[in-house]
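**Q** Chains as they are written, first to last, in our numbering: chain A, 1 to 443; chain B, 1 to 443.
In short, the hints are calculated from the structure, not lab data.
Source: prediction; values computed, not measured.
Just to be clear, a hint being listed does not mean it is correct.
What the hints assert, rightly or not - In silico DSS-like cross-links for lysine-lysine, where the CA-CA straight-line distance does not exceed 30 Å:
(1) B:Lys-192 to A:Lys-263
(2) A:Lys-229 to B:Lys-263
(3) A:Lys-337 to B:Lys-61
(4) B:Lys-229 to A:Lys-337
(5) A:Lys-344 to B:Lys-229
(6) B:Lys-37 to A:Lys-192
(7) B:Lys-344 to A:Lys-192
(8) B:Lys-263 to A:Lys-344
(9) A:Lys-337 to A:Lys-366
Number of protein chains: 2
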Amino acid sequence: MTDDLKELFTFLSFPSVSTDSKHRQDVRNCAEWIIRKLSAMPLTTELHETPGHPIVIARNKYQADRKTVLIYGHYDVQPADPFELWSSPPFSPEIRDGRIWARGATDNKGQMLAHILGVGKTLEANGELPVNLIFLFEGEEEIGSPNLAPFLKAHRDELKCDIIAISDTGMVAPNTGTLGYGLRGITCAEVKIIGPVRDLHSGIFGGAIANPATAIARLVASLHDGEGKVAIEGFYDEVRPLEAWEREMWAKVPGLSDQDYLKVTGSPASFGELGYSSAERVFARPTAEVNGIGGGYQGEGSKTVIPSEAFVKFSFRLVPDQDPQIILQRLRVHLEKHCPPGVKLVIEDGHDGKPYACDPHSNFGKAAQRALKRTFPGEPMLIREGGSIPIVQAFREILGVDTLLLGLALSDAQIHSPNENFPIENFEAGIRLNQALLEELAK
Amino acid sequence: MTDDLKELFTFLSFPSVSTDSKHRQDVRNCAEWIIRKLSAMPLTTELHETPGHPIVIARNKYQADRKTVLIYGHYDVQPADPFELWSSPPFSPEIRDGRIWARGATDNKGQMLAHILGVGKTLEANGELPVNLIFLFEGEEEIGSPNLAPFLKAHRDELKCDIIAISDTGMVAPNTGTLGYGLRGITCAEVKIIGPVRDLHSGIFGGAIANPATAIARLVASLHDGEGKVAIEGFYDEVRPLEAWEREMWAKVPGLSDQDYLKVTGSPASFGELGYSSAERVFARPTAEVNGIGGGYQGEGSKTVIPSEAFVKFSFRLVPDQDPQIILQRLRVHLEKHCPPGVKLVIEDGHDGKPYACDPHSNFGKAAQRALKRTFPGEPMLIREGGSIPIVQAFREILGVDTLLLGLALSDAQIHSPNENFPIENFEAGIRLNQALLEELAK
Numbered sequence: 001m002t003d004d005l006k007e008l009f010t011f012l013s014f015p016s017v018s019t020d021s022k023h024r025q026d027v028r029n030c031a032e033w034i035i036r037k038l039s040a041m042p043l044t045t046e047l048h049e050t051p052g053h054p055i056v057i058a059r060n061k062y063q064a065d066r067k068t069v070l071i072y073g074h075y076d077v078q079p080a081d082p083f084e085l086w087s088s089p090p091f092s093p094e095i096r097d098g099r100i101w102a103r104g105a106t107d108n109k110g111q112m113l114a115h116i117l118g119v120g121k122t123l124e125a126n127g128e129l130p131v132n133l134i135f136l137f138e139g140e141e142e143i144g145s146p147n148l149a150p151f152l153k154a155h156r157d158e159l160k161c162d163i164i165a166i167s168d169t170g171m172v173a174p175n176t177g178t179l180g181y182g183l184r185g186i187t188c189a190e191v192k193i194i195g196p197v198r199d200l201h202s203g204i205f206g207g208a209i210a211n212p213a214t215a216i217a218r219l220v221a222s223l224h225d226g227e228g229k230v231a232i233e234g235f236y237d238e239v240r241p242l243e244a245w246e247r248e249m250w251a252k253v254p255g256l257s258d259q260d261y262l263k264v265t266g267s268p269a270s271f272g273e274l275g276y277s278s279a280e281r282v283f284a285r286p287t288a289e290v291n292g293i294g295g296g297y298q299g300e301g302s303k304t305v306i307p308s309e310a311f312v313k314f315s316f317r318l319v320p321d322q323d324p325q326i327i328l329q330r331l332r333v334h335l336e337k338h339c340p341p342g343v344k345l346v347i348e349d350g351h352d353g354k355p356y357a358c359d360p361h362s363n364f365g366k367a368a369q370r371a372l373k374r375t376f377p378g379e380p381m382l383i384r385e386g387g388s389i390p391i392v393q394a395f396r397e398i399l400g401v402d403t404l405l406l407g408l409a410l411s412d413a414q415i416h417s418p419n420e421n422f423p424i425e426n427f428e429a430g431i432r433l434n435q436a437l438l439e440e441l442a443k
Numbered sequence: 001m002t003d004d005l006k007e008l009f010t011f012l013s014f015p016s017v018s019t020d021s022k023h024r025q026d027v028r029n030c031a032e033w034i035i036r037k038l039s040a041m042p043l044t045t046e047l048h049e050t051p052g053h054p055i056v057i058a059r060n061k062y063q064a065d066r067k068t069v070l071i072y073g074h075y076d077v078q079p080a081d082p083f084e085l086w087s088s089p090p091f092s093p094e095i096r097d098g099r100i101w102a103r104g105a106t107d108n109k110g111q112m113l114a115h116i117l118g119v120g121k122t123l124e125a126n127g128e129l130p131v132n133l134i135f136l137f138e139g140e141e142e143i144g145s146p147n148l149a150p151f152l153k154a155h156r157d158e159l160k161c162d163i164i165a166i167s168d169t170g171m172v173a174p175n176t177g178t179l180g181y182g183l184r185g186i187t188c189a190e191v192k193i194i195g196p197v198r199d200l201h202s203g204i205f206g207g208a209i210a211n212p213a214t215a216i217a218r219l220v221a222s223l224h225d226g227e228g229k230v231a232i233e234g235f236y237d238e239v240r241p242l243e244a245w246e247r248e249m250w251a252k253v254p255g256l257s258d259q260d261y262l263k264v265t266g267s268p269a270s271f272g273e274l275g276y277s278s279a280e281r282v283f284a285r286p287t288a289e290v291n292g293i294g295g296g297y298q299g300e301g302s303k304t305v306i307p308s309e310a311f312v313k314f315s316f317r318l319v320p321d322q323d324p325q326i327i328l329q330r331l332r333v334h335l336e337k338h339c340p341p342g343v344k345l346v347i348e349d350g351h352d353g354k355p356y357a358c359d360p361h362s363n364f365g366k367a368a369q370r371a372l373k374r375t376f377p378g379e380p381m382l383i384r385e386g387g388s389i390p391i392v393q394a395f396r397e398i399l400g401v402d403t404l405l406l407g408l409a410l411s412d413a414q415i416h417s418p419n420e421n422f423p424i425e426n427f428e429a430g431i432r433l434n435q436a437l438l439e440e441l442a443k
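My request is simple: use the sequences and hints to build the entire structure.
**A** Below, the structure is given as structure tokens:
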């Protein structure tokens with residue numbers, strides 16, 4: 001195993017699950033490991049406490065005649081459950097079939113370490129970098145980066161830069177340079193329906209007392225019309241229509257056909273908003289998704305109860321120019337209007353992030369395309385991303401800077417799922433890409 | 001503590017949860033305890049193996065000139081979870097406020113032991129009983145008595161009797177004699193919606209892949225119309241209309257107003273089928289209830305996934321003359337018709353039982369009313385029950401005999417819920433009622 005892979009294995013072995021309070025110390029241990037690594041390169045490092053998990057900063061010596069590049073990554077990961085579906089333990093990385101298997105392998109530790117090692121190799125070879133570099137790594141991306149925007153505001157001057165680069169998005173096919181210029185936003189909410197003070201016998205009370213599980217199902221069902229469109233009033237009001245060149249390019253991108261989506265996911269049949277391809281649905285159309293639903297008896301066999309309450313966890317993926325807070329407000333109005341009788345509705349706001357799009361044909365955009373061409377064969381593909389990196393919008397709003405998305409994630413990376421993985425060749429290409437990128441951005 | 005209460009405490013300490021395979025030995029231990037108790041009275045006892053849990057039979061010596069009474073009870077209980085909502089552990093009985101608190105206190109161990117002790121006291125006092133007695137106790141009532149009907153068929157001759165008595169139903173108010181002459185039937189089903197082969201990232205795939213949790217919610221929502229009526233085609237076709245005397249009597253029964261139902265359950269508001277009182281909805285109208293629903297992330301915080309599958313556990317309470325198998329068939333047709341696109345539907349049948357009604361003004365019905373009058377003040381109340389005892393219909397079909405329901409359960413007994421309880425005075429009255437009942441039935 002190469003030294004680079006050994007480093008990645010160590011990084012992946014921290015169960016840095018940011019949403020779960022019992023992993024708090026693991027997240028911190030992971031941050032401290034990164035600090036030690038960066039200090040040794042050597043870069044000047046800072047560990048910043050937040051009300052949540054720490055932010056790690058590293059930089060080389062500033063020179064006024066160089067461009068300043070900020071590279072962002074996150075060292076926290078999604079929860080790994082259900083554990084029993086993993087072929088190997090999520091926090092004990094393994095190599096099989098040329099891939100590294102572990103929670104965080106792609107999202108985002110593998111890609112983040114490629115940034116670090118690319119910079120490290122340039123430093124090793126040249127003794128210095130062609131740009132002023134700021135590394136900014138956070139531990140709260142998977143819970144919506146609640147403390148990063150305040151941090152950016154508090155440190156606006158020290159974080160002044162010309163361009164930002166992130167590898168936390170998709171590569172459209174193996175060995176295919178991919179530049180992302182847009183992201184969906186997100187807004188989350190958890191809804192509880194409260195009924196009787198305890199679970200009730202469905203024979204003794206059934207028919208006379210409202211069933212919270214039935215009520216929550218009716219609420220969820222009210223969110224879409226019969227054709228898969230979101231039925232919240234005003235939901236599409238601010239949605240920017242697709243441009244003709246986007247539809248043309250995406251039709252040419254490999255791996256994005258309806259059949260490709262079915263093959264990658266194993267879903268039994270195609271699905272989605274009428275009039276759009278799968279790629280268009282994912283890159284440029286908003287959604288309302290149920291991430292979790294629950295209520296009543298969950299065990300083996302049957303238990304004939306009316307549950308005392310039920311919950312649903314929603315996330316909405318948003319596109320330019322939808323605003324998460326406005327969508328959340330419209331959701332509230334919708335839920336209050338559609339809540340069935342006989343129960344109590346409780347809505348709890350979750351994290352959110354604005355959608356994002358920039359111009360891939362700017363000077364920095366062209367530099368990124370050159371770096372991609374030096375690393376991968378063929379012309380880079382220009383895409384938007386279905387996922388959300390809320391902080392990209394915060395970078396634009398607070399630091400006033402655009403972000404280049406140089407994705408290394410394959411569509412079967414199984415991020416946020418059991419058996420997450422990252423090809424060794426993507427890891428190694430990522431390291432080379434970061435060396436080329438600093439050179440091209442410096443021009 | 002009286003010896004009778006001590007016996008009940010021992011009986012309640014067995015976690016005889018029939019639906020949960022890990023309690024298999026506990027169920028058997030409970031059956032063997034009952035055998036020892038009955039043998040000592042003394043009665044002739046038999047423990048019959050079944051493919052599931054054992055059936056216990058006990059009888060006195062047969063005399064051709066006496067009527068034969070079969071008394072039925074069940075020694076299995078519902079699961080006790082969620083355990084954290086119990087004020088005292090469910091299988092460590094406690095007395096507080098004049099009540100016994102434990103899983104099974106009312107349903108059915110308290111009432112079943114009242115039968116046994118009533119018979120025991122008559123034997124102690126008189127050396128014999130005024131009737132031929134058959135005790136029939138099963139350990140599978142809470143999972144739909146799958147092995148009792150085959151047992152009745154196989155032992156039809158040895159179980160020949162004139163009338164059956166059961167205490168496993170409700171008493172309309174404390175210290176109020178209550179004769180039940182009808183029961184709702186039940187049919188259960190578990191429905192799974194299968195989508196992608198694993199949980200998916202809702203950003204990377206959301207919009208292009210059907211969400212099983214959304215789909216199951218839409219299916220559940222399709223089961224009712226906007227006014228609370230079940231929307232399955234043909235669901236009400238065989239429902240017998242209420243008789244005028246029933247509506248008049250139930251309007252007089254204490255504790256059955258809409259406000260009473262809200263008070264007992266803590267539900268936030270009234271609910272139910274238009275044109276019926278709460279009592280009528282529960283006693284004589286069918287329902288479609290969700291007993292459990294689940295899918296996707298169930299933990300703390302958020303996890304932005306599209307779940308790979310979702311489930312719902314249904315039970316339908318049925319009234320004369322609905323047939324569980326016909327209703328299940330109509331449910332299948334409904335679910336297949338309403339299943340949203342992009343997912344796979346799997347339907348698994350659960351247990352079922354036919355609804356039941358008999359004439360409360362028959363000779364045996366009148367004898368039961370006399371026994372109730374000897375035990376409790378005032379005229380006995382004649383009601384139907386919202387719950388299901390499928391075996392009552394099996395008794396009628398296989399043994400050709402009607403069943404008297406002499407309920408001792410109060411509406412706040414919290415059966416099937418945390419903090420199940422049984423008043424000591426109901427336990428003691430139940431013992432006296434069983435002594436009077438044998439005398440009156442013998443006349």
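**Q** Decide, hint by hint, whether the structure agrees.
**A** Verification of the supplied hints:
For the suggested pair B:Lys-192 and A:Lys-263, the alpha carbons sit about 22 Å apart, so the restraint of at most 30 Å is met. At roughly 41 Å between alpha-carbon atoms, A:Lys-229 and B:Lys-263 are farther apart than 30 Å, so this suggested pair is violated. For the suggested pair A:Lys-337 and B:Lys-61, the alpha carbons sit about 67 Å apart, so the restraint of at most 30 Å is broken. For the suggested pair B:Lys-229 and A:Lys-337, the alpha carbons sit about 20 Å apart, so the restraint of at most 30 Å is met.
Only pairs whose Cα atoms come within 30 Å are accepted, and A:Lys-344 paired with B:Lys-229 is accepted, the gap being roughly 21 Å. For the hint linking B:Lys-37 to A:Lys-192, the alpha-carbon distance of about 48 Å lies beyond 30 Å, and the restraint is violated. The hinted pair formed by B:Lys-344 and A:Lys-192 meets the criterion: a straight-line CA distance of about 27 Å does not exceed 30 Å. Taken as a hint, the B:Lys-263 and A:Lys-344 pair is honoured in the structure, with Cα atoms around 16 Å apart against an allowance of 30 Å.
Between A:Lys-337 and A:Lys-366 the CA atoms are separated by roughly 49 Å; this puts the pair beyond 30 Å, and the hint is violated.
Comparing the model with each earlier hint shows violations of hints 2, 3, 6 and 9; every other hint is respected.
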